[in-house]
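K.L.:
Here's the letter readout for the chains.
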Amino acid sequence: MSLVLHRIDDRLIHGQVVIGWGRPLDVGFIALVDDQVAGSDWEQDLYRMGVPPEVEVFFASVIDAARLAPEWRADPRSGIVLTADIATMVAFRQKAPPVEEVNLGGLHHKPGRSLRLPYVYLTDDEYRSLEALQASGTRVTAQDLPTTAAVPLEALA
Amino acid sequence: MSEGLRGVVVSHGGLAAAMVQAVEQISGVTGVLFPVSNTGCDPESIERRLAEAVGEGPAVVFVDLPSGSCFFAAMRAHKSQTELPVVTGVNLPMLVDFVFHRGATAEEAARRAAAKGGEAIRTR
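Protein chains in written order, with numbering that gives the first Met the number 0: chain A, 0 to 156; chain B, 0 to 123.
Since the hints were made in silico from the structure, they are not lab data. All figures in this text were calculated on a predicted structure; none of them were measured in a lab. Treat the hints with caution; some may be incorrect.
Claimed, not checked - To be clear about the criterion: a stretch of chain B counts as covered by chain A if any three or more of its residues have a C-beta under 8 Å from a C-beta of chain A, and this derived list gives those stretches:
hint	stretch
1	30-42
2	57-66
Claimed, not checked - Not everything, but these chain A residues come out facing chain B in the computed CB check (under 8 Å):
hint	residue
3	Gly14
4	Leu45
5	Leu116
As the list claims (entries may be wrong) - Quick list of the computed label-pair ranges, beta carbon to beta carbon:
hint	chain 1	residue 1	chain 2	residue 2	range
6	A	Ala131	B	Ala50	32 to 38 Å
7	A	Leu24	B	Gly30	31 to 37 Å
8	B	Thr81	A	Ser77	38 to 44 Å
9	A	Ala86	B	Leu91	56 to 62 Å
10	B	Gly39	A	Gly27	30 to 36 Å
11	B	Phe99	A	Arg72	54 to 60 Å
12	B	Arg110	A	Asp34	46 to 52 Å
Just so it is clear, CB atoms sit at the ideal spot from N, CA and C, and this is done for glycine as well.
Turn these sequences into a full structure, and let the hints steer you where they fit.
P.N.:
Shown next, in the form of C-alpha cells:
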C-alpha cells in the first residue's frame with residue numbers, strides 16, 4: 000500500500016505535514032479529504048500554494064475518497080491521507096478499509112475539549128470515537144512529528 | 000493617506016513577538032506593529048487572533064512563510080476584507096522601514112515593504 004500516513008490535523012496542509020512528515024516519508028501526493036474544501040476552488044488553490052510542485056494534492060469529499068482510495072493505494076508514490084477532524088477519518092475508515100493506523104497530529108482547543116497533549120485537545124465523545132476506531136482494528140496514536148515519540152491512545156484518556 | 004496604518008506580524012511560535020520587540024527597540028516606534036502567534040491554534044483561532052489585531056484597519060499583514068497555517072489565515076482575511084494586503088517572508092529590514100513609511104495606502108506600503116525586505120537579502 001502506498002498510503003503511508005493517515006493523519007487528523009485541523010490545520011490540514013501546513014509545515015509539519017509537508018516538511019516534517021513529507022520529506023522523511025518521501026511523499027509524492029497528499030489526499031486531502033474534506034467535504035467543504037472539496038467544494039471550494041478557492042480553498043483548493045490556497046492549499047496547493049502550501050506544497051512544493053513535486054507533491055500532488057488530491058481533494059475529495061468523503062464519498063469520493065472512498066471511491067478513489069484503491070487508486071491512491073495502488074499509486075507507486077507514497078501518499079498521505081489528511082482530514083481535519085475525527086469524524087471524517089472515521090467515515091473514511093468505514094467506507095474504505097483497511098486503515099492500519101491513524102495519526103493524531105493536531106486537534107486544538109475548542110469549547111468542550113480538554114487538554115490531552117499540547118497539540119491534542121479532545122471532548123469525551125471524541126475520545127470514545129477514537130476508542131471505537133481502535134477497537135475496530137485501526138491503531139490510534141498521537142505524534143506531531145516523526146522525530147517525537149508516538150503516544151498511544153490510552154495515554155490520552 | 001493612511002496615518003493609522005498598522006502592521007500585523009503573523010508567525011509560527013514566538014517569532015512575531017520577538018520581531019515586533021526588536022523593531023521597537025531599533026526604531027523607538029511603538030504601537031504600530033502587532034504580533035500574532037499560531038501557537039495552540041486551529042485555523043479558526045488564528046483567524047480570530049488576526050482579526051482582533053487588524054481591528055478596523057487599514058493594515059498590512061506580514062507573514063513568516065509563504066504557505067502554512069499563518070499564510071492561509073492571512074489569505075482568508077485578505078479575501079474578506081479590503082485594504083488588507085499580505086506580505087510573506089517577513090524580515091526585520093522590511094518592518095523597520097514600514098514603521099517609518101505609513102503615509103501611503105496599505106497596498107503601496109505593502110509593496111514598499113516587500114521591496115525593502117528583498118533588497119536587504121544579500122551575499123558577500
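K.L.:
Now tell me if each hint is right for this structure.
P.N.:
Quick rundown of the hints versus the structure:
Figure legend: the stretch 30-42 of chain B, annotated as covered by chain A; annotation consistent (4 residues with Cβ-Cβ distances under 8 Å, at least 3 required). Check on the stretch 57-66 of chain B: 3 of its residues sit with their Cβ under 8 Å from a Cβ of chain A, so the three-residue criterion for coverage holds. Taking 8 Å as the C-beta contact cut-off toward chain B, the hint placing glycine 14/A at the interface holds, the least distance being around 5 Å. This hint holds: leucine 45/A has a C-beta 6 Å from the nearest C-beta of chain B, less than the 8 Å allowed.
Look at leucine 116/A: its Cβ only gets to about 11 Å from chain B, farther than 8 Å, so that hint breaks. The given range of 32 to 38 Å is respected by alanine 131/A and alanine 50/B, whose C-beta atoms sit roughly 37 Å from each other. Look at leucine 24/A against glycine 30/B: about 45 Å separates their beta carbons, and that is not inside 31 to 37 Å. Taking the beta carbon of each, threonine 81/B and serine 77/A are about 42 Å apart, inside 38 to 44 Å as hinted.
The beta-carbon spacing between alanine 86/A and leucine 91/B, approximately 43 Å, falls outside the hinted interval of 56 to 62 Å. The hinted window of 30 to 36 Å between glycine 39/B and glycine 27/A holds, with their beta carbons roughly 31 Å apart. Against the hinted window of 54 to 60 Å, the Cβ-Cβ separation of phenylalanine 99/B and arginine 72/A comes to about 56 Å, which satisfies the hint. At roughly 38 Å, the beta-carbon separation of arginine 110/B and aspartate 34/A lies outside the given 46 to 52 Å, and the hint is violated.
Hint compliance for this structure: hints 5, 7, 9, 12 are broken, all remaining hints hold.
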